[in-house]
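Protein sequences, first through last, are from chains A and B.
Mapped onto my numbering, the consecutive letters of the first sequence carry residue numbers 1 to 110.
Mapped onto my numbering, the consecutive letters of the second sequence carry residue numbers 1001 to 1116.
FYI, nobody ran anything at the bench for these hints, they're computed from the structure.
Keep in mind that the hints are not guaranteed to be accurate.
Unchecked claim - Going by beta-carbon spacing under 10 Å, a handful of chain A positions derived as facing chain B:
no.	residue
1	TYR31
2	PHE36
3	GLY41
4	LEU44
5	LEU49
6	SER52
7	ARG55
8	THR74
9	TYR76
10	ALA79
11	TYR93
12	GLY101
All C-beta atoms in this analysis are idealised placements derived from N, C-alpha and C, irrespective of residue type, glycine included.
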Amino acid sequence: KQEVTQIPAALSVPEGENLVLNCSFTDSAIYNLQWFRQDPGKGLTSLLLIQSSQREQTSGRLNASLDKSSGRSTLYIAASQPGDSATYLCAPYTGNQFYFGTGTSLTVIP
Amino acid sequence: DAGVIQSPRHEVTEMGQEVTLRCKPISGHNSLFWYRQTMMRGLELLIYFNNNVPIDDSGMPEDRFSAKMPNASFSTLKIQPSEPRDSAVYFCASKILSGGNTGELFFGEGSRLTVL
């Protein structure tokens, strides 16, 4: 069974800092990996989808990388803003289901 | 475009009552997932359907839980009888089941269930 670990569990940074969220998974046989954000009391919003054949995917201030062979993905957030405060989850997809980590809770302090 | 639509958004019921949660996936999506989220256990997959057919229901906690997808635009998750430990947020999500399995997953806003 796929095990997904996200480190750190919680992170607090001052506004403007660049930061990296880490995701590791045990089974490298994935089709893709998706990063989501979840605001309190809300559903999950898709941020980036990175295919197994890709190394990186970018959207605005977000950049996700994928090293499938080592079972790792990172989400880089540039110039963080208070509006980035949320929980971030990664989910590798094995072709039948998505496996979710427990997330990193991010707080960006103005 | 409308996203995944879930109803009700909030449900408060008493132990023993039947609860039905509803989901309308994004038009054209043919893979549908039901998840449950709690503080203790995080996000858990309950069941998923491909082309309206249940593929894996191993995450359904007990026989009290059942799910159906009578057509491509509607799915239900039913709990009968409900218990306080069923209190959680239930999410529905959908994606396109393509040949390359590369489709993006989209979530609804969730149904927050409280069983008293």
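For a quick check of understanding: which of the numbered hints are violated here, in increasing order?
Structure breaks hints 7, 8, 9, 10.
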